[in-house]
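> Between the sequences and the hints, there should be enough to build the whole structure, so can you do that?
What follows is the residue order along each chain.
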Amino acid sequence: MGIKVDFRKRYYNKKSDKKKGKEASFTLDVQFELGDELVVLFGRSGSGKTTTLQCISGLLEPNGGKIVVNDNVYFDCHKRTNLPVQQRSLGYVFQNYALFPHMDVKKNIAYGLKGWNEVNKEKRVIEMLQLLHIEGLEHNYPSQLSGGQKQRVALARALAPKPDILLLDEPFSALDMVVRMKLREKIKEIQRELRIPVLFITHNHVEAFTIADKVVIFHEGRVQQIGTPEDVFYQPSNRHVAELVGLSNIFEDAIALNVDEAPETLVLECGNLKVITNKPDRIVAEKVSWGIRPENLRILPLTDDAKSRENTFKACVKSVVNKGASKVLALEIAEHKNLLLAEMANQFFEDVDLRTGDECLARIEMSKIVIF
Amino acid sequence: MGIKVDFRKRYYNKKSDKKKGKEASFTLDVQFELGDELVVLFGRSGSGKTTTLQCISGLLEPNGGKIVVNDNVYFDCHKRTNLPVQQRSLGYVFQNYALFPHMDVKKNIAYGLKGWNEVNKEKRVIEMLQLLHIEGLEHNYPSQLSGGQKQRVALARALAPKPDILLLDEPFSALDMVVRMKLREKIKEIQRELRIPVLFITHNHVEAFTIADKVVIFHEGRVQQIGTPEDVFYQPSNRHVAELVGLSNIFEDAIALNVDEAPETLVLECGNLKVITNKPDRIVAEKVSWGIRPENLRILPLTDDAKSRENTFKACVKSVVNKGASKVLALEIAEHKNLLLAEMANQFFEDVDLRTGDECLARIEMSKIVIF
Amino acid sequence: MVSVFLKTDELKMLEQVWFPLVITLKIAITSTLLVALIGVIISYLLARRDFRGKWIADVLVTLPLVLPPTVTGYVLVVLLGRNGSLGEILYDITGWTILFTWEAAVIAAFIVSLPLMVKTTTAAIEAVDRDFEYAAFTLGRKELETALFITLPLAKKGILAGTVLSFARAVGEFGATLMVAGNIPGRTNTMSISIYSAFQAGNNELANLLVIILITMSFASMAITAKLVNSWKI
Amino acid sequence: MVSVFLKTDELKMLEQVWFPLVITLKIAITSTLLVALIGVIISYLLARRDFRGKWIADVLVTLPLVLPPTVTGYVLVVLLGRNGSLGEILYDITGWTILFTWEAAVIAAFIVSLPLMVKTTTAAIEAVDRDFEYAAFTLGRKELETALFITLPLAKKGILAGTVLSFARAVGEFGATLMVAGNIPGRTNTMSISIYSAFQAGNNELANLLVIILITMSFASMAITAKLVNSWKI
Amino acid sequence: TDKDYGQSQITKITISASAVFTEAFTDIEEDFETEYPEIDLIMNFGNAGSLRMQIEGGAPIDVFAPADTNHMDILASKGLIYNYSQKKLAGNSLVMIVPKGNILNISSMEDLIRPEVKRIALSDTEASAVGRYAKQSLSEEGVWNGVQNKLLTGDTVKNSLVYVERGEADAGFVFITDVSSAKPDTIEMITVVPVSTPIAYPIAVVSSTMHSEESQLFIDFVTGEKGKSILEQYGFSIPQNG
Ligand SMILES: Nc1ncnc2c1ncn2[C@@H]1O[C@H](COP(=O)(O)OP(=O)(O)OP(=O)(O)O)[C@@H](O)[C@H]1O
Ligand SMILES: Nc1ncnc2c1ncn2[C@@H]1O[C@H](COP(=O)(O)OP(=O)(O)OP(=O)(O)O)[C@@H](O)[C@H]1O
Ligand SMILES: [Mg+2]
Ligand SMILES: [Mg+2]
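Chains as they are written, first to last, in this note's numbering: chain A, 1 to 372; chain B, 373 to 744; chain C, 745 to 978; chain D, 979 to 1212; chain E, 1213 to 1454.
No lab work stands behind these hints, which were simulated from the structure alone.
There could be a bad hint or two in this list.
[Said to hold, decoys possible] Selected chain A positions facing chain C (Cβ under 7 Å, derived; list incomplete):
| id | residue |
| --- | --- |
| 1 | S57 |
| 2 | L90 |
| 3 | G112 |
[Claimed, not checked] Lysine-lysine pairs mimicking DSBU-like chemistry, simulated, CA-CA at most 30 Å apart:
| id | chain 1 | residue 1 | chain 2 | residue 2 |
| --- | --- | --- | --- | --- |
| 4 | A | K15 | B | K479 |
| 5 | D | K1004 | D | K1205 |
| 6 | B | K387 | C | K900 |
| 7 | A | K14 | B | K486 |
| 8 | B | K554 | A | K318 |
| 9 | A | K123 | A | K106 |
| 10 | C | K886 | A | K106 |
| 11 | A | K20 | D | K1205 |
| 12 | C | K798 | D | K1120 |
| 13 | B | K479 | A | K323 |
| 14 | A | K318 | A | K214 |
| 15 | E | K1312 | E | K1290 |
| 16 | B | K690 | A | K214 |
| 17 | E | K1300 | E | K1438 |
| 18 | A | K15 | B | K493 |
| 19 | E | K1362 | C | K770 |
| 20 | A | K15 | A | K66 |
This structure is a prediction, so every number in the text was calculated from the model and none was measured.
Idealized CB from N, CA, C, for every residue including glycine.
Encoded structure:
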């Protein structure tokens, strides 16, 4: 079971461009093979996530390749198979919802319940209304709903028929945190209960982390990395992934030097910024990029004993931004004028209590340095 | 200057309901007075945020009240003033974008630049394309854009004419973190540069916190609290606000007892859960609600000396969820079976390294308890 | 039905007025139902399917609008008459000739109002956002179901406009009808034909009366349509 | 123009064909331009404005479709004739009577095709999502600008359908035209009228030739329209 | 339209004539205009009823020549024509026709009551001259009641012709002048139907004319020798003007 895709889709801005043999304005080329799990598609805006879902759903026809879901061949370019959308048993939440404007909420939700008897239909609709916290809106028309309500109706409509695969295009983007957190749980539950592949697009790191079994990272139409949230967030495989998962401090073209005294470690030299790190298992090139997540920078008061530890630099605070539960500090390292972002929970920030202009020590945690 | 509103808007699900004198299905009743600052409207889905923007923009006519922006009376029920939308000099990003489908990106953005000469128009459009990182898409039609690209075009279109007030309805909801963070800065800069009121709807806590000068909290059509992000996030004025801003641990109907030995403190008794807190400046009722943010719960290893401190309870870990940079633990307090959520940065979590089933100590930070 | 009346002057007047009214409504309603049904199908295909020679189908449908009704009528006589290609087959099978019956008038009205229905409805269907159809497909609904419950309801304003036009045209149809159905008192003398011949005969009184009735009828049916539209949510 | 031809049989044929074609195009194009312009304005008001007696305006526009064209023509003759209310004023001012001129035919074609334009366009405009208009308002655009650059372009498929219908109807118009413009060889004998009279006179050769030309013309103009539509992004 | 008005001495006269006169009047127009170069004739052909309605409506018509006295009478009773100018222009005769071959062997009006004769084409019995004359003759023959349910009362003579041509009607009544406009070899003329009042088409000057003299000139011309000969050429008989 699960989902196995390997296909290409090309967009041309003008119909004529294709005939003229011009290069496509956007080319999507994806391969992945995943089980019945909750997969988050993660990527920059315009990287091809929606297009991927559309190809899997059959609303777009790929230009080549193969798509197999739950052992059904949805699409196979060579065999000219292209299963009609209707036979794919999908639950698809469109990025723009596409609620039927001439049906009220109840009818919208019930629309996919073809062949259910009236009693079961009614029951299922009520179930869905409750699940998505939209009870009381059943007789509203889409034009009488708020953005977040519309989104939940779209979700309800997609979930109601218990599909064989769920394609959710940013399904929570318009929801407040309270419902959003509840719904994350529900979606996970539903996935576990129905044991179906769920493809979930989100731009929210926390959401990706808390909900995903696997994360597929897109960049400019190509899959960059596939793995558990921990894999991709803590071990991004390249610069694009790194940026995307919030590894804000990135240094490119660092020279990796072996240290004779400590064969387990590596020195990364990037301009005049030198850091020591654990040597990764794989062999690294001479020139590498490395990065560190803001929350893996430790901020310490300016005491001398701390300063002597590895990867610890004197820095000047350039700005402090309150993110609510944590503060983000922009630090300029005194020696090499590099700018680093550090994030720390408010409760620990209180201990150092820094303001713009203050000086402090910043320690790049050796074990948290990511080389790619 | 700034914005001053005090109006009511009633929705009826059926036209006939209004005539029949039935109760409205939704009533919005807002008052606030704010300067030329960046104001975040924050509230549950369906609480009336979009409706508020629509009334201010003139796309909806309130049922009563007054709206004054930058000393211009936009709407005054008594004087029957209702300034046409066109004369309000707005920049409005619709929740559904409403890009003109028959114009390419460039034309969409330029559409509000009435009366500009061609050279300036061209310059401004290019400026906007760069600002929003959508260079290269200028000849795409809306149907050829991804969700996030559409959203940025909508923003560009609204910003281009340098309006007197910006109404942004979840303008970043479809953007990836990288652009999103850049654009947060840009919007703040634009607000400072143009010195105009900016009303910004978002469901993202961090966004609200980092971008807002003031936050207006909505609940069921009413303003609950107005204040700086710190005010509303750390001192929510009631249960609704508390839930909304992520004060996940809420205890209602606690009895507030004065402690004779320590007049500065208060004991909150809620069932058999007792916590000590600093007495707030204002007088509190006998029955209060209180809450604590998950990140203000300290998790400590099970050592005896820690246990004796105030508000420290033995707890059992029910679940651990990785949010990426931090972990959220569901804790059951051994004595009273209350469930508490605690959040801690990964780096500190490593120190305690708990798993489901483990036991630990949870300390509710006295100074962080919020009474409302 | 009519012949039971005694032919006093008053009754004759009644007959001259009542019969055309009934037959007109019968013809117009039948033809409009047919046009609506078939027109919607054709429109859907034109709007949503791609096939070779689509524009030729488009022109063929529009043609009856360009030709003078008499010519259309003549073509129909040639086709449907006892000796016409279609009519002969029909005659051989049933021994019945459709020419000079009210059914022939229905066919004439159908042909001349079809272009109105098709053009209007095609435009309306094309204006329906395909996303709604796609959503229905993902919910397992076949194209037919989707067309019936999603596309057409969303195009209903255009369909109604087309139907109103077709009905009006059927009521007003005259040239082609006269040719294929004749002007047989008590059988095929529609309002239009009666008005025409009353005017031709210089019987302005009767003509005016009929015109007034026709106008009243139009107002009434339009008022009903307006009410219907008002009750729509969308 | 025509009189310079020598009246040999061949030239006469040419004249019998060429003149009706030119006059028909002249009338149909003029009337279609007018109908498109005025029809769009009326449709916009019907679709986007609320006013008292809106449905009455709606019925009045549709009326010419219900009435036999001859009656419409008669009403126009009464209005535009030297003794008619409008005609009298015109005559007093200019000493000119519009009846029996090609301008009269334009008026007839205008009146009978207006309902087609208005119904189709109104439905199309109503189908345009108001959010786009609201967006234009927030960008400081007046209603007129918005209508011109947002609403109408978005309703263009419907407007085109209405225009095609109106053009076809204007080309095919016959009953009312015959009444107000007469059948004056060399002045007002349009294709339809020529076909009609050739047919009546038993001149089937000419009638067939004219019908073929008319059909060719329709195909040509439809092909142009189809090309136009194909080039549209939306 | 510059030549329509306001130019030199050319007077424009509009003649509204029934369609039967189309060819004859077109020929006459040529002759007339050579004789009177200062007069420009504008020929407006149509069916008599419509032409009458145009005049009633105030259309700028100078001379009216309907193929039906009825319409002239209606205008006369309203004072819309100059009675003094009215003249008989041309005569015509009613004929009975059948499809080529005459399978039903119809030879007289009595044959029409035979059951195998199912459909009889004639024009509107009130609105058109053919219809009225045919009804009158059928009544006089005493067969009216027998044929009443077989009648196909089309709009114009042309409809009747088409029906008979295509064998949709078993017999029909038309004017002798119409027979030539039928498709060749499709119909047979059976008899000339006797009518009690001779069929004569009138012509008169419309009273709203502003060129009554010139209009009169035209009437004189068509009813004069040249006109007569052309009319006869097209199958009309020339009535005695009384
Ligand atoms: N119909 C089209 N024609 C041409 N290019 C298109 C078309 N649709 C999408 N694109 C382009 O393809 C790319 C991928 O679009 P897609 O909608 O898959 O992005 P996405 O990853 O879903 O982005 P977002 O997060 O913004 O929704 C975009 O750069 C977009 O501009
Ligand atoms: N046209 C309408 N008729 C009836 N009720 C409506 C209408 N429009 C909105 N509502 C109701 O009004 C309430 C407020 O809607 P609004 O769009 O202002 O919410 P919101 O705060 O913007 O929510 P969201 O965050 O989901 O966008 C909702 O409960 C909605 O159901
Ligand atoms: Mg997308
Ligand atoms: Mg909203």
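> Could you run down the list of hints and mark each one as holding or not?
Results of checking the hints against the structure:
1. S57: It holds, given that the least Cβ distance between S57(A) and chain C is near 6 Å, below 7 Å.
2. L90: Interface hint status for L90(A): holds (5 Å vs cutoff 7 Å).
3. G112: holds (4 Å)
4. K15(A) with K479(B): OK: K15(A) and K479(B) at ~20 Å, within 30 Å.
5. K1004(D) with K1205(D): Holds, at roughly 23 Å.
6. K387(B) with K900(C): Measuring from Cα to Cα gives roughly 21 Å; hence the hint holds.
7. K14(A) with K486(B): holds (29 Å)
8. K554(B) with K318(A): Given pair K554(B), K318(A) holds - Cα atoms ~17 Å apart, limit 30 Å.
9. K123(A) with K106(A): holds (11 Å)
10. K886(C) with K106(A): Holds, at roughly 21 Å.
11. K20(A) with K1205(D): With Cα atoms ~20 Å apart, K20(A) and K1205(D) stay inside 30 Å; holds.
12. K798(C) with K1120(D): Judged against 30 Å, a Cα distance of about 40 Å means the pair is violated.
13. K479(B) with K323(A): This hinted pair is violated, its Cα atoms lying about 37 Å apart.
14. K318(A) with K214(A): violated (37 Å)
15. K1312(E) with K1290(E): At roughly 44 Å apart (the allowed maximum being 30 Å), K1290(E) and K1312(E) break the hint.
16. K690(B) with K214(A): Distance of about 23 Å is within 30 Å: holds.
17. K1300(E) with K1438(E): holds (15 Å)
18. K15(A) with K493(B): Roughly 29 Å separates the two Cα atoms, so the pair holds.
19. K1362(E) with K770(C): Given pair K1362(E), K770(C) holds - Cα atoms ~23 Å apart, limit 30 Å.
20. K15(A) with K66(A): holds (24 Å)
Checked against the numbered hints given earlier, the structure breaks hints 12, 13, 14, 15 and satisfies all the rest.
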